[in-house]
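Visitor: One letter stands for each residue in the lines below.
Number of protein chains: 2
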Amino acid sequence: MSFLQEVVDILLAYIVESFDRETKVIDFHYPNELMQRNNWELQDEPESLDDILVSCRATLKYAIKTAHPRYFNQLSTGLDMVGLAADWLTSTANTNMFTYEVAPVFVLLEYVTLKKMREIIGWQDGSGDGIFSPGGAISNMYAMLLARFKMFPEVKEKGMSSVPRLAAFTSEHSHFSIKKGAAALGIGTESVICVKGFVPFFVSATAGTTVYGAFDPLIAVSDICKKYNVWFHVDGAWGGSLLMSRRHRWKLDGVDRANSVTWNPHKMMSVPLQCSALLVREEGLMQNCNQMHACYLFQQDKHYDLSYDTGDKALQCGRHVDIFKLWLMWRAKGTIGFESQIDKCLELSEYLYNKIKDREGYEMVFDGKPQHTNVCFWYLPPGMRHIVDKEEKNKRLHKVAPVIKARMMEYGTTMVSYQPQGDKVNFFRMVISNPAATFEDIDFLIEEIERLGHDL
Amino acid sequence: MSFLQEVVDILLAYIVESFDRETKVIDFHYPNELMQRNNWELQDEPESLDDILVSCRATLKYAIKTAHPRYFNQLSTGLDMVGLAADWLTSTANTNMFTYEVAPVFVLLEYVTLKKMREIIGWQDGSGDGIFSPGGAISNMYAMLLARFKMFPEVKEKGMSSVPRLAAFTSEHSHFSIKKGAAALGIGTESVICVKGFVPFFVSATAGTTVYGAFDPLIAVSDICKKYNVWFHVDGAWGGSLLMSRRHRWKLDGVDRANSVTWNPHKMMSVPLQCSALLVREEGLMQNCNQMHACYLFQQDKHYDLSYDTGDKALQCGRHVDIFKLWLMWRAKGTIGFESQIDKCLELSEYLYNKIKDREGYEMVFDGKPQHTNVCFWYLPPGMRHIVDKEEKNKRLHKVAPVIKARMMEYGTTMVSYQPQGDKVNFFRMVISNPAATFEDIDFLIEEIERLGHDL
Ligand SMILES: Cc1ncc(COP(=O)(O)O)c(C=O)c1O
Ligand SMILES: Cc1ncc(COP(=O)(O)O)c(C=O)c1O
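Those protein sequence lines, which keep their order, are chains P and E.
When the letters of the first sequence are read in order and numbered with the numbering used here, they come out as residues 49 to 504.
When the letters of the second sequence are read in order and numbered with the numbering used here, they come out as residues 49 to 504.
Treat the hints loosely; a few may be bogus.
Identical copies look the same in the list; a pair holds intra-copy or inter-copy alike.
What the hints assert, rightly or not - Cut-off 30 Å, straight-line C-alpha distance, at most; resulting in silico cross-link-like pairs (DSS-like, lysine-lysine): (1) Lys447 to Lys206; (2) Lys164 to Lys109; (3) Lys206 to Lys275; (4) Lys163 to Lys438; (5) Lys274 to Lys472; (6) Lys109 to Lys350; (7) Lys447 to Lys275; (8) Lys299 to Lys109; (9) Lys275 to Lys350; (10) Lys350 to Lys403; (11) Lys274 to Lys206; (12) Lys299 to Lys443; (13) Lys206 to Lys472; (14) Lys392 to Lys443; (15) Lys109 to Lys163; (16) Lys447 to Lys163; (17) Lys109 to Lys438; (18) Lys443 to Lys163; (19) Lys206 to Lys163; (20) Lys164 to Lys405; (21) Lys447 to Lys350; (22) Lys441 to Lys164; (23) Lys350 to Lys299; (24) Lys164 to Lys403; (25) Lys109 to Lys472; (26) Lys472 to Lys403; (27) Lys392 to Lys274.
Simulated from the structure, these hints should not be mistaken for laboratory data.
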């Protein structure tokens, strides 16, 4: 107990530090170097609890401060105190979601929360089904699995040899998990994006693409799906949370026509990792698709209502309790708390966009105001601004972002992601999901990019 | 911060209570009743932090005390203080495993630990590959995915239509996740367990079956796999941990011949949920099988050694940090600490077996000493012991375990699982994985079964 309290004291100090702008976002070391900096090896003999505390401190010393107001590197950032407390409680309760028997409260909370999310999507009375899965990639895979099963239920027993060759449609900017899903399910990545002669069974529209933050036109896509009787999935892993904002939810107009929706509270809502939901319009389908009737878990003669044993809907057997942190945060903030947090992040990104769109040395990667918090741009150091030869310029520009990023990590002052895309050379992809970020942090980011990239 | 400390105080009190035999394992209520007992609804408006603390207390009040020394209901039980501290730290660090960039220490610790596990399996110098996945079911699915890809790499792009009909082999007592995997991957459940004319590609031997705790003869199975050039997977989700025991590891003789091994530290090693590893003998295969080269995560021009960006091996995109709790517990206990914990659980189950095998009113479900901690038995109340008619007896006996179990939950004194299997009517499946359990707890269980079942 006193050991646990000592660890808590270390953690509380770490949290205070993480929110402090004077602290480095990262104390970066190359893998080989980090391997040397501490003894990380596993031994036969036990260590003392004091040594264990030393390991905890070392681990935190080299960890990324994902709660830091200047950490912009991923879609998941920030640290909510209620969410964290809920995650600690979850670890302490240490149970599995597969049956009501071993997770009575958590099963109910999952029920309540999924229903609420379906109401927000706009399905009548919040009806339908759903599950929390270990991330958006798996949620998307569930959707594809359900779509295939819906069209060809025999696939469960007979496999893909019993069905025609299938095609799944999605945009070029969709998340790679759609292709991973197709590969895993035996559909094949070549069947994603329109191959002639194949039977279309699945369309995934993205609500908030990973890189540009773009929203596919859901109503138009749903019309086509309806016409051809194809499963309509909305991947709202990143953009789904905008449904909670009265100002921004129009970007998802038509989402209520979806057969399934992926929505990751662990991204834009700052719920601690992992927390991803798949919502399904049709009730019962998940159960039919995935159930295997394991009689050691799902005995039919239990003394309570068996519909609360949700485990057989899942691809997983044991399933981590991901619900409590979302539920508790929702109680603490209310829907309006999430709304204002989301609105604020979008304001910050609009501020960034307005600040750099006409600023010398910046070029935007796509036209127009960002739809989500993604702002994609190139920074051209002064020495490159007057190069006329397009090819020469791109060649040099391609190297700018990686160098600035490496320097950011070495100084530890901030972190933002960069990448190439198609024929576009490396650009910065700025995203904001941390409620702790402010206008000053955006100003800082721009200054820092210029400071670190000026000489390139 | 003071809010977090208040939650910690609640959690510490809960932990003390959980280990106290005077505390109920569960304060059971039927779903509808539990729904009424508290206000679990989500609202638009925020709640005060005091209300949040009330919710935390209510959640714990109705939670199962999985750490309780008399909780025997699942394969995952117990609560290790170092493991818990590590999980709290993990939540606080709140990051993703996909790149070294955002999880430098955790990526290294995963590397160190997977290597150690491969050494224990017996692969030369610990070479090979692996990943921590969200549970044994997913680990098994990975294995099947890799086996298919190994034999038919074109399946990734072209799907199942490019390959012959496949067959996977496993025993009747294998875990249902093998069938779930086959259904998801488009192989079909009918292809699991030998269909003529199909091409065998995958054999899953179970090291510690879920219900009987039996070990398939790995050497014999591996010989057959070698002869027919079929992927040899060992599902050691439950039994893999016996590799850490010098006394018991012979039960897995031949495991070093496997192409892949599932091993769940969250079961027999009492690591907090979720913690499951898939170990793979061949290096590079996971990467080839699963990679999609998402350039927003896995930029090729990063400034560090890219082999530490393990994310593209995974089916997932974001991946929860499951490694730290295992690593920290390993440091605290040493390999010998895990060994003695495992040996002790096996001793307890032998004690139980010896105690009931000739005791009046008990019948064992299978012959001989248990190989793992599973002890499967029927309890016959006095009034049923002299029934001669087999059918009549079975009919009545089938109802005994569910009633005793329901009574256990109502009194909250202990919990143990029961189930039917094939033509065998409901029996108790006792398993022991909680290091806090003692001989007295086993005595208690027997007394309690008799107390609650005497009148049936
Ligand atoms: C649009 C989209 N879908 C799915 C995912 C996958 O989510 P996760 O990382 O939770 O698996 C992402 C992750 O960035 C995403 O941006
Ligand atoms: C033999 C075996 N394999 C796989 C699994 C699945 O493990 P998990 O619950 O971690 O998905 C289990 C779970 O009981 C098991 O007993």
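Visitor: Compare the structure with each hint and give your call.
Guide: Outcome of the hint check:
With identical chains, the CA atoms of Lys447 and Lys206 are never at most 30 Å apart, being 51 Å at best within one copy and 36 Å at best between copies. When the C-alpha separation of Lys164 and Lys109 is checked against a cutoff of 30 Å, the pair qualifies only between copies, where the shortest distance is 24 Å, while the shortest distance within a copy is 39 Å. Taking identical chains as interchangeable, the C-alpha atoms of Lys206 and Lys275 lie at most 30 Å apart whether they share a chain (28 Å) or sit on different chains (27 Å). In this assembly of identical chains, the alpha carbons of Lys163 and Lys438 never lie at most 30 Å apart, being 53 Å within a copy and 48 Å across copies at closest.
For the identical chains of this complex, Lys274 and Lys472 are neighbours neither inside a copy (35 Å) nor across copies (49 Å), given an alpha-carbon limit of 30 Å. Taking the shortest Cα distances, Lys109 and Lys350 sit within 30 Å of each other only across copies (22 Å), while inside one copy they are farther apart (49 Å). Taking CA atoms no more than 30 Å apart as the test, Lys447 paired with Lys275 passes in neither setting, with 47 Å inside one copy and 52 Å between copies. Taking the closest pair of Cα atoms, Lys299 and Lys109 never come within 30 Å of each other, the shortest separation being 41 Å inside a single copy and 42 Å across copies.
Proximity of Lys275 and Lys350 under a CA criterion of 30 Å is satisfied in neither setting, with 44 Å inside one chain copy and 46 Å between copies. Proximity of Lys350 and Lys403 under a CA criterion of 30 Å is satisfied inter-copy only: 28 Å between copies versus 62 Å inside one chain copy. With identical chains, the CA atoms of Lys274 and Lys206 are at most 30 Å apart both within one copy (27 Å) and between copies (27 Å). When the C-alpha separation of Lys299 and Lys443 is checked against a cutoff of 30 Å, the pair qualifies neither within a copy, at 36 Å, nor between copies, at 60 Å.
Proximity of Lys206 to Lys472 under the C-alpha cut-off of 30 Å is restricted to the inter-copy arrangement: shortest distance 29 Å between copies versus 44 Å within a copy. In this assembly of identical chains, Lys392 and Lys443 lie within 30 Å of each other by CA distance neither inside one copy nor across copies; the values are 37 Å within and 64 Å between. With identical chains, the CA atoms of Lys109 and Lys163 are at most 30 Å apart between copies only, with a shortest distance of 24 Å across copies and 41 Å within one. Taking the closest pair of Cα atoms, Lys447 and Lys163 never come within 30 Å of each other, the shortest separation being 48 Å inside a single copy and 35 Å across copies.
Within a single copy, Lys109 and Lys438 get their C-alpha atoms no closer than 44 Å, and across copies no closer than 67 Å, so neither meets the 30 Å cut-off. Taking the shortest Cα distances, Lys443 and Lys163 never come within 30 Å of each other, neither inside one copy (51 Å) nor across copies (40 Å). Neither within a single protomer nor between protomers do Lys206 and Lys163 lie at most 30 Å apart by alpha-carbon distance, with minima of 33 Å and 38 Å respectively. Proximity of Lys164 to Lys405 under the C-alpha cut-off of 30 Å is found in neither arrangement, the shortest distances being 39 Å within a copy and 52 Å between copies.
Taking the shortest Cα distances, Lys447 and Lys350 sit within 30 Å of each other only across copies (10 Å), while inside one copy they are farther apart (63 Å). Within a single copy, Lys441 and Lys164 get their C-alpha atoms no closer than 51 Å, and across copies no closer than 48 Å, so neither meets the 30 Å cut-off. In this homomeric assembly, Lys350 and Lys299 never come within 30 Å of each other (Cα to Cα): the closest approach is 45 Å inside a single copy and 34 Å across copies. When the C-alpha separation of Lys164 and Lys403 is checked against a cutoff of 30 Å, the pair qualifies neither within a copy, at 38 Å, nor between copies, at 51 Å.
Neither within a single protomer nor between protomers do Lys109 and Lys472 lie at most 30 Å apart by alpha-carbon distance, with minima of 36 Å and 56 Å respectively. Taking the shortest Cα distances, Lys472 and Lys403 sit within 30 Å of each other inside one copy (22 Å), while across copies they are farther apart (73 Å). Taking CA atoms no more than 30 Å apart as the test, Lys392 paired with Lys274 passes in neither setting, with 36 Å inside one copy and 60 Å between copies.
The structure shown violates the earlier hints numbered 1, 4, 5, 7, 8, 9, 12, 14, 16, 17, 18, 19, 20, 22, 23, 24, 25 and 27.
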